[in-house]
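Enquirer: Using the sequences provided together with the hints, build the complete structure.
So the protein sequences, as listed, match chains A and B. In terms of the numbering used here, the first sequence has 1053 at position 31, counting the first letter as 1, and numbering is strictly consecutive. In terms of the numbering used here, the second sequence has 58 at position 56, counting the first letter as 1, and numbering is strictly consecutive.
Hint data in this document are derived by calculation from the structure and do not stem from the laboratory. Mixed in with the good hints there might be a few duds.
[As the list claims (entries may be wrong)] Calculated lysine to any residue pairs in the SDA-like style (CA-CA distance at most 20 angstroms, straight line): (1) A:1048 with A:1088; (2) A:1091 with A:1044; (3) A:1048 with B:47; (4) A:1048 with B:46.
Predicted model only: the values in this text are computed from it and were never measured.
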Amino acid sequence: SQQGEEDPQALSIQEGENATMNCSYKTSINNLQWYRQNSGRGLVHLILIRSNEREKHSGRLRVTLDTSKKSSSLLITASRAADTASYFCATALPSGNTPLVFGKGTRLSVIA
Amino acid sequence: DAGVIQSPRHEVTEMGQEVTLRCKPISGHNSLFWYRQTMMRGLELLIYFNNNVPIDDSGMPEDRFSAKMPNASFSTLKIQPSEPRDSAVYFCAIPKQQGSWGYTFGSGTRLTVV
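Expert: Spelled out as structure tokens, the structure:
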């Protein structure tokens, strides 16, 4: 079963607007990661936030983590048409040697 | 980051046929993961290897599926016999680098069983 669940399932915004995607998970984690998948391609790692971190930035990406609520959010600021893709959260369990568990993703459409 | 080459990119086969999917990390890695992606179920882990040894194959749907990793630079996923419900995109992934928590994915194999 999925550990992470993204919300919303689909999001459509105008270029220049901010896009916010949320992820909820069920168990304790070591870290949470966000990936992007363009149509017909593999997933690309975007950013990792550790369980003892609350916020992390990378370029136009901002990730927050609330371990008490078991939730994370991915904010893409000043979106571009090229940001159109599916975005997935993935959780890594504390044990360390277990594979990532992915959510079903949010489909983001950025309209020029 | 190390890349991952998967082949073929697309495979269309008839029900009952054997299908072999291939994964080749450009730099050898001790860990390798096979995932399957469908609209209904999202991205599911099928099996993963550490030090070329299968660690957990509980995600493999049934005995029709088998996987091998004979060395750090090559892995195969075989379906025999294939069924229409096996139609999906199959991804291979490796750690971005030794000790990294993040993964590098291949471009996937889109399998259609008719």
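Enquirer: Looking back at the hints listed earlier, which ones does the structure fail to meet?
Expert: Every hint satisfied by this model.
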